[in-house]
Amino acid sequence: MKKMPKRYVGRNILKVDAQEKVTGKAIYPDDIYFDDMLYLKIKRATHPHAYLRRIDINKAQKVPGVVKVITAADIPEVRNFGLIIKDQPVLIGIGQKMRYMGDALAIIIAENKEAASQAVNLIEVEVEELEIISDPLRAMEKDAPLIHKDSNILATHYLEKGDIKKGFAQADVVVENEYKTSFLDQVPLQVEAGVGIYDEESEVIKLWAATQWLHDTQADIAQSLGFPKEKIRIIQPVIGGAFGKKEDISVHIHLALAAMETKRPVKLTYTREESMIAQSKRHPLIIRMKTGVTKKGYLTACQVEVIGDTGAYASSGLAVVHKGMYHCTGPYNVDNVKGVAYTVYTNNTYCGAMRGFGATQMAFAYESHMDILAQQLGFDPVQFRMQNAYGIGSSTPNRQILTRSVGVKETIKEAAYLAGWKGER
Amino acid sequence: MKKQGRGIATIMFGFGYGEGFPDHSIASAEIEDSGKILIRTAAADVGQGVLTTLTQIAAEVLKVKPGVIRIIPGDTHLTKNSGSTSATRQTFFTGNAVKEASEGLLSNIYHYASIEFISNHAELGIKDGYIFRNDNPNNKLSYWELAKKVAEKGETLKVEASFFPHTDKPDPKTGQGEKVYVAYTFVTQIIEVEVDTDTGIVQVLKVYTTADIGKAVNPKNVEGQIEGGTVQGIGMALMEEQVIKEGITLNSDLTGYLIPTSMDTPRFTTRLVENEDSEGPFGAKGIGEPATIATAPAIANAIYDAVGVRIFDLPITPEKILKALKEKRKNK
Amino acid sequence: MSKLMIELTINGKKRKVETTASTRLLDLIRDDLHLTGTKEGCGKGECGACTVIMNGELVASCLVLALQADGAVITTIEGVGDDKCLDPVQEAFIETGAVQCGFCTPGMILAAKKLLEENPHPDEEEIKRGISGNLCRCTGYQKIFDAIRLAADRLSSRNGGRGEEDA
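Chains as they are written, first to last, in the numbering used here: chain P, 30 to 454; chain F, 839 to 1170; chain Y, 413 to 579.
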């Protein structure tokens, strides 16, 4: 039956925010100015894995225009923040560890950007260097130095469906490969930026800064500063792209601290370099995949080991790596699945959310595999996918039965038709 | 020598937070004095167009022009938690919350109007922001006139609603759960590439995409997501790599970290599979992340089809292709 | 930092501005003249978000010193159309869905305008090349190409007939 067209849903209604963007009137966080506004710059780690032994801000403080330099010593009551577990320090203190090059050592507050930039370069730092762990495989070794208090393996997740031994026994062809993906940056065109104001009377900190989750960012800031949530107000300006990079705290707590300290409006805008070094990335995954198939072309088993480098802090790592694992078979019927996923700390930039969240990396593995299997069997890649693809009643690696909305076969058929795929090689 | 090849990839994406992680969105719809209908939601628009999607949904339900709908900028003190703009969840979760709130507002419009008109609900009709008796359409009240009358009673035409579906926490030993994700989006891409065997450079020529997204609330915006996601996928497949050695980032600017420019784009043919069969608003499912997932594997498969080499680590740079071609010739 | 006085014409208005030797044109436009439509995306002239038209040419304002703009004629996005009467390129961007996050949009529109000025009927390759200095991360560029084609059609019919030059 032909579906009745709706008036607005299903139509190409013009975007409600397009006009302000084509005229340049849309206000992104860095477009906000106040009289009397101060500019912030962050002094960042000088070594990827080291104890901070000394920090000298005297020369920096003397730069004309510098109003204040905040170090960890000024904020003893401020707590760690983090999306899932709170393992990220707001500022690294003496005797504490910097764990990646993006860790913050000091907040410089100045009347203008030049003074702030000058002052950053005049902060003297002494560290006690530790072994830099840049390879997750090294991080997993028993004798590797611990990056945090507990094991460098932050989390291990498991997947088990059916009987993997039986599954491989049923297979006529088994393919095993290791796939690797790289660190990626989300590169939203707008870098991290924000403005903060502190209202002394109401004791409310008002922040304009992009965030993908307004209330959870508010909660994270509040718990870090030890304030009730109502004392942190975040207003969304227009956001210039995110793709996962604006899920974690970036400028927010530093702005809040500076606003409270100076009682003046404060602005913090990252450089692109800072954004790439200090803020989250896509997890590089090592995916060891073994898949079995019968000579008639039906998948019987899928086994996977996933190692995810989550960098210096957990961020979304506790969710990303195993979400990838949960997608390991792709949209294909496989009765027997076994998997293990490790989320591993290193001294690289911390990894968080990026479009696809582990499932993107995993698809590179399973879809490469599908073509390799098809070729070994002498099957056309489209036909091979069609005969294994999900339908209503199929069960996922998590044993979830799909009861509605499973259009995968239709997508394969339609795509093949559109592309004029004839199955000839 | 330039060789062409074609590759396919079919992917799935379980969207929403899933795994029993509380996933909900709260929205409200209210009649404003200004002649608008205000939707309160904290859903962040990061460019993907959720504000437009929600406007369309509210306009559809309340039967007013999209221009009548006003959505205030997210503000922790003026809007309630709608969850993050991530996990491909806003259309499904906030879309449903806004639909519920709009339906609730509409029901209340009927309720209060039926009092004014001394009628039952079925005797009333609505059109363009007016409610009237079917047997005498000229006897009508605008939503705003009605709101004034409601205010006189000390009440308001404002409804808050939320969408809070259940998912299961997977068993820690096996990952098993009855409903780990609210739904899956499926996408297939077939990609044609041209590989220059002398330079190793890959040009992506054509991308055919089909996406099972339930219902496209705004088809052009869904296409925009697919095109944008695909080009990001081209970046992931062929050029993007943040090089971090011994904890030091070696290419921390856009000169060293390459992302696709207009010169790197293929021709697109996109078809949306819309069976309107999901729990989402009007049967819609999400597209944000699935839009990027099929691209890198389809390109990897296309490269193999073109030149017979398979690269197992991304990005598939010209250097890797040339090295693999050299190995292949040696092994022959 | 010693201050210097420069004079420039921006969006048709003559302005005298105090600046320093190290201030970039981008900072002058945004911080001093409060024209925030021009954006900073990379600070190294790679992304095109800071594109302005200076003395008739497209420039990356993050790579130009404010001093170099003394006596210059500059157009920013604020000088293109307005809310009451949008430029055909702006209209086309809205209609084709070429705007997602919008951060690249001001620079992209100026690049598109410059392209169409020099080449009123660009083919697909010429369109791609014309905006190759402007990065967009959201759209995949397709609908931006559509917008440029649409604007080209409209501008040529506005300028009388098909506007094609006789061979």
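Hints were generated in silico from the structure; no laboratory data involved. Just so we're clear, the structure is a prediction, and the values are computed from it rather than from any experiment. We put the CB at the ideal spot given by N, CA and C, even for glycine. Take these hints with a grain of salt, some might be off.
Which chain P residues face chain F? A few, computed with CB under 8 Å, are given here [unchecked claim]: (1) P34; (2) Y37; (3) K44; (4) D46; (5) E49; (6) N376.
Restricting the straight-line Cα-Cα distance to at most 16 Å, the calculated cross-link-like pairs of lysine to aspartate or glutamate (EDC-like) are [what the hints assert, rightly or not]: (7) P:K142 - Y:D444; (8) Y:K456 - P:E229; (9) F:K1007 - P:E189; (10) P:K142 - Y:D439; (11) P:K142 - Y:D443.
A quick look at each hint next to the structure:
Annotation: P:P34 was flagged as interfacial toward chain F, and the flag is violated, the nearest CB pair being 11 Å apart, outside 8 Å. The criterion of a C-beta within 8 Å of any C-beta in chain F is met by P:Y37, whose closest approach is roughly 5 Å, and the hint holds. About 5 Å separates the beta-carbon of P:K44 from the nearest beta-carbon of chain F, less than 8 Å, and the hint is met. At its closest, the beta carbon of P:D46 sits 6 Å from a beta carbon of chain F; the interface hint therefore holds under the 8 Å criterion.
Against a cut-off of 8 Å between C-beta atoms, the interface hint on P:E49 is violated, since the closest Cβ of chain F lies about 11 Å away. The beta carbon of P:N376 is positioned within 8 Å of a beta carbon in chain F (closest approach about 4 Å), and the interface hint is therefore held. Between P:K142 and Y:D444, the direct Cα distance comes to roughly 13 Å. Compliance with the 16 Å bound is thereby established for this hinted pair. For the hint linking Y:K456 to P:E229, the alpha-carbon distance of about 39 Å lies beyond 16 Å, and the restraint is violated.
For the hint linking F:K1007 to P:E189, the alpha-carbon distance of about 15 Å falls within 16 Å, and the restraint holds. With a C-alpha separation of about 10 Å, the suggested pair P:K142 and Y:D439 falls inside the 16 Å cut-off, and the hint holds. Of the supplied pair hints, the one linking P:K142 and Y:D443 holds, its CA atoms being roughly 11 Å apart against a limit of 16 Å.
Violated hints for the displayed structure, listed by number in ascending order: 1, 5, 8.
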